[in-house]
Amino acid sequence: MNTEAQAQKQIIASLKAIGDNFLKASKHLRHAEKSYREASEKIQSATR
Numbered sequence: 011m012n013t014e015a016q017a018q019k020q021i022i023a024s025l026k027a028i029g030d031n032f033l034k035a036s037k038h039l040r041h042a043e044k045s046y047r048e049a050s051e052k053i054q055s056a057t058r
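Residue numbers (the working numbering): 11 to 58.
Watch out, some of these pointers could steer you wrong.
Simulated DEER-style distance windows between Cβ atoms [said to hold, decoys possible]:
#1 Leu39 x Ala17: 55 to 61 Å
#2 Leu25 x Gln54: 38 to 44 Å
#3 Thr57 x Gln20: 52 to 58 Å
#4 Ser45 x Gln20: 36 to 42 Å
#5 Gln18 x Gln54: 49 to 55 Å
#6 Ser50 x Ile28: 30 to 36 Å
Simulated from the structure, these hints should not be mistaken for lab results. It should be emphasised that the depicted structure is a prediction, and the values quoted were computed from it without experimental measurement. Just so you know, even glycine gets a beta-carbon here, dropped at the ideal spot from N, CA and C.
Can you build the whole structure from these sequences, using the hints too?
Structure, rendered in structure tokens:
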């Protein structure tokens with residue numbers, strides 16, 4: 011296998027890893043947003 015093909019495979023693997031990390035981060039952020047929203051609602055109901 012020539013070095014160009016190897017480089018292309020490495021780039022593709024890296025892009026897939028980046029994509030996977032973005033998916034994980036977005037799931038984490040959605041979960042964090044939900045948690046903050048729930049906490050905010052509890053605080054608002056407690057201060058009424």
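Here is what the structure says about each hint:
Distance hint check for leucine 39 and alanine 17: the Cβ-Cβ separation is about 32 Å, which falls outside the suggested range of 55 to 61 Å. The hint said 38 to 44 Å for the Cβ distance between leucine 25 and glutamine 54, and at roughly 43 Å that hint holds. Separation of threonine 57 from glutamine 20 is about 54 Å and conforms to the stated range, judged on CB atoms against 52 to 58 Å. For serine 45 and glutamine 20, the Cβ-Cβ distance of about 37 Å falls inside the hinted range of 36 to 42 Å, so the restraint holds.
For glutamine 18 and glutamine 54, the Cβ-Cβ distance of about 53 Å falls inside the hinted range of 49 to 55 Å, so the restraint holds. In this structure the supplied range 30 to 36 Å holds for serine 50 paired with isoleucine 28, their Cβ-Cβ distance being about 32 Å.
Checked against the numbered hints given earlier, the structure breaks only hint 1 and satisfies all the rest.
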